[in-house]
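**Student:** Below, each chain spelled out in residue letters.
4 protein chains.
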Amino acid sequence: MTEATKNNTRPQPLPRDAFVQFRPMPTRWMDNDVYGHVNNVVYYSYFDTAVNAFLVENGLLDITGSEVVGLVAETGCSYFESVAFPDALETGLAVTRLGRSSVTYRIGVFREGAPRAAAQGHFVHVYVARESGRPATIPDHVRAALSTLQANET
Amino acid sequence: MTEATKNNTRPQPLPRDAFVQFRPMPTRWMDNDVYGHVNNVVYYSYFDTAVNAFLVENGLLDITGSEVVGLVAETGCSYFESVAFPDALETGLAVTRLGRSSVTYRIGVFREGAPRAAAQGHFVHVYVARESGRPATIPDHVRAALSTLQANET
Amino acid sequence: MTEATKNNTRPQPLPRDAFVQFRPMPTRWMDNDVYGHVNNVVYYSYFDTAVNAFLVENGLLDITGSEVVGLVAETGCSYFESVAFPDALETGLAVTRLGRSSVTYRIGVFREGAPRAAAQGHFVHVYVARESGRPATIPDHVRAALSTLQANET
Amino acid sequence: MTEATKNNTRPQPLPRDAFVQFRPMPTRWMDNDVYGHVNNVVYYSYFDTAVNAFLVENGLLDITGSEVVGLVAETGCSYFESVAFPDALETGLAVTRLGRSSVTYRIGVFREGAPRAAAQGHFVHVYVARESGRPATIPDHVRAALSTLQANET
Numbered sequence: 001m002t003e004a005t006k007n008n009t010r011p012q013p014l015p016r017d018a019f020v021q022f023r024p025m026p027t028r029w030m031d032n033d034v035y036g037h038v039n040n041v042v043y044y045s046y047f048d049t050a051v052n053a054f055l056v057e058n059g060l061l062d063i064t065g066s067e068v069v070g071l072v073a074e075t076g077c078s079y080f081e082s083v084a085f086p087d088a089l090e091t092g093l094a095v096t097r098l099g100r101s102s103v104t105y106r107i108g109v110f111r112e113g114a115p116r117a118a119a120q121g122h123f124v125h126v127y128v129a130r131e132s133g134r135p136a137t138i139p140d141h142v143r144a145a146l147s148t149l150q151a152n153e154t
Numbered sequence: 001m002t003e004a005t006k007n008n009t010r011p012q013p014l015p016r017d018a019f020v021q022f023r024p025m026p027t028r029w030m031d032n033d034v035y036g037h038v039n040n041v042v043y044y045s046y047f048d049t050a051v052n053a054f055l056v057e058n059g060l061l062d063i064t065g066s067e068v069v070g071l072v073a074e075t076g077c078s079y080f081e082s083v084a085f086p087d088a089l090e091t092g093l094a095v096t097r098l099g100r101s102s103v104t105y106r107i108g109v110f111r112e113g114a115p116r117a118a119a120q121g122h123f124v125h126v127y128v129a130r131e132s133g134r135p136a137t138i139p140d141h142v143r144a145a146l147s148t149l150q151a152n153e154t
Numbered sequence: 001m002t003e004a005t006k007n008n009t010r011p012q013p014l015p016r017d018a019f020v021q022f023r024p025m026p027t028r029w030m031d032n033d034v035y036g037h038v039n040n041v042v043y044y045s046y047f048d049t050a051v052n053a054f055l056v057e058n059g060l061l062d063i064t065g066s067e068v069v070g071l072v073a074e075t076g077c078s079y080f081e082s083v084a085f086p087d088a089l090e091t092g093l094a095v096t097r098l099g100r101s102s103v104t105y106r107i108g109v110f111r112e113g114a115p116r117a118a119a120q121g122h123f124v125h126v127y128v129a130r131e132s133g134r135p136a137t138i139p140d141h142v143r144a145a146l147s148t149l150q151a152n153e154t
Numbered sequence: 001m002t003e004a005t006k007n008n009t010r011p012q013p014l015p016r017d018a019f020v021q022f023r024p025m026p027t028r029w030m031d032n033d034v035y036g037h038v039n040n041v042v043y044y045s046y047f048d049t050a051v052n053a054f055l056v057e058n059g060l061l062d063i064t065g066s067e068v069v070g071l072v073a074e075t076g077c078s079y080f081e082s083v084a085f086p087d088a089l090e091t092g093l094a095v096t097r098l099g100r101s102s103v104t105y106r107i108g109v110f111r112e113g114a115p116r117a118a119a120q121g122h123f124v125h126v127y128v129a130r131e132s133g134r135p136a137t138i139p140d141h142v143r144a145a146l147s148t149l150q151a152n153e154t
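Residue numbers (the working numbering), protein chains in the order written: chain G, 1 to 154; chain Y, 1 to 154; chain H, 1 to 154; chain V, 1 to 154.
So here's chain G without its partners, still in its complex pose (with noise of 0.2 Å):
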């Protein structure tokens, strides 16, 4: 499967300690598509849910009153066994760059208790005052918190 991207850059499954937080997925009905395994789309739902989930949480985000928000600027996923409905899923979170606009996420999708991801991918978000849309400076008590889920690359 080396094939499927560029030489040997093809992703490894990653293990827990890769990430700093854990959280519970549990999958949906509507999650599995026709080949009865969760749809790839879904899983950026996944991602989307378990960095949202850290910053409301946290207080770090008030979805409707906010004035500085993350804009999500890229995304990505790597695959490596299917996972369907009702399987028990827990997401893996942890930040890989924490720059002075935006932070990288990374994400591992895990059957409960598995040693190894069976997806994984990156999830950028770039802070922007909510009014004009122009960047601003991931805010102080953010870039904090952000902090302490800070793992290396790997």
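Think of the hints as simulated: they come from the structure by calculation, not from any bench.
Yeah, the Cβ is synthetic: ideal placement off N, Cα and C, and Gly gets one too.
Hints may contain errors.
Pulled a few chain H residues facing chain V out of the computed Cβ check, cut under 8 Å [unchecked claim]:
(1) F22
(2) V34
(3) G36
(4) D48
Computed beta-carbon distance windows for the label pairs [as the list claims (entries may be wrong)]:
(5) Y/P15 <-> H/N58: 47 to 57 Å
(6) G/S147 <-> V/Q150: 49 to 59 Å
(7) Y/V20 <-> G/Q12: 26 to 36 Å
(8) H/R10 <-> G/R143: 30 to 40 Å
Assemble the complex: chain G is given as a structure, and chains Y, H and V must be docked to it using the hints.
**Tutor:** Using the frame of chain G, we list chains Y, H and V on its own:
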């Protein structure tokens, strides 16, 4: 925004001639998220639809009958400008890599008639035998059709 | 199949002339579920899209700006025949009840050009003040436009 | 709001004891629409998940193998209070009608621990032979399990 990803690798919006085929892709109310724009996840459903509609319409995939089918091994998307329901969109499709058992598509999401993509990404199918899940050679008639979509790497 | 619901109340597929306006509604790959047909949930995204596209295109709803908006109070759908990606579908739209602060739409999902609906249902909007959430009278220009969609109860 | 539907038939939010079984149903970021609340469509994905999770977990449905499966003939939902990501929700499940070849479920969507449903609806499965699509009698072991969910009509 070059900060968003590593140095000078932030992709630039592709022009229409980076794609071989276009398809209308109307938006749905639900595509918009709480920020009033099409959610990052939904772009992948446009990708998925563009690729599979090409395959089905050209007789290259019988969703319930084909013995060899493409499984999604990797996807990615860069978002440049937001789009929103009820915008009329188009997807552009091209093949950038055609291997023995895998194919990489380039997909662009355009506002109708726009000269450059509002978002673009890639989508890798690895062909497998449906029953066994074992990697399979892309069937000849599929390869022939995919080769008509070939574009240069940009 | 009369057994499916109470006695003789099982609705019958409506003909095209039970609807005032039609709109193309292309399917997406993800619309199909594991049984290879459009999932029951997805029909409601067609309903939602048909109603809101009518409102936005006729200048009756500014998604981020209108002070009075319709909230969904009730929906329902009867499914007669399965449809599946990549079928081209159409939605038919009509108004069956236009009250002081609420409107009931009838929506049909047709295969392109088919004489009878593959599925049909209803969608009730109750108008409220966006800020307070209090019930509001349907604005006059909205009422005037909705009245052009009126059809008889069947 | 009685105006929303015919006369005095507007349903009232059901209490917990109108349901036999509860299941956690976490929200996802994408569930929220542009108004900041779970979109009306998404409730049906909770319904679908509640019913099918019950069936699969009790060995009543093998998604890819069962010869007799339930197809959805009718669904409906009344929305009383909005809910929003990241709310923790629960679904309540009951059977209100168990016929020879069809079953009607009642489903409620509750904020975690709330005494009354934020939304509730019904979901009708008609059993058919998977291959032929012909109506089929509900298998005995399925009927026995469904009868444990029976509740009175309210």
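**Student:** Compare the structure with each hint and give your call.
**Tutor:** Against the structure, the hints:
Given the 8 Å rule on beta carbons, the hint for H/F22 is violated: about 21 Å separates it from the nearest Cβ of chain V. Nearest Cβ of chain V to the Cβ of H/V34: about 6 Å, under the 8 Å cut. The hint holds. Taking 8 Å as the C-beta cut-off, the interface hint given for H/G36 is violated, the closest approach to chain V being about 10 Å. Interface hint status for H/D48: upheld, as the beta-carbon distance to the closest one in chain V is roughly 6 Å, under 8 Å.
In this structure the supplied range 47 to 57 Å is violated for Y/P15 paired with H/N58, their Cβ-Cβ distance being about 34 Å. Checked against the given bound of 49 to 59 Å, the beta carbons of G/S147 and V/Q150, roughly 54 Å apart, stay inside it. For Y/V20 and G/Q12, the hinted distance range of 26 to 36 Å is satisfied, since their beta carbons lie about 33 Å from each other. In this structure the supplied range 30 to 40 Å is violated for H/R10 paired with G/R143, their Cβ-Cβ distance being about 59 Å.
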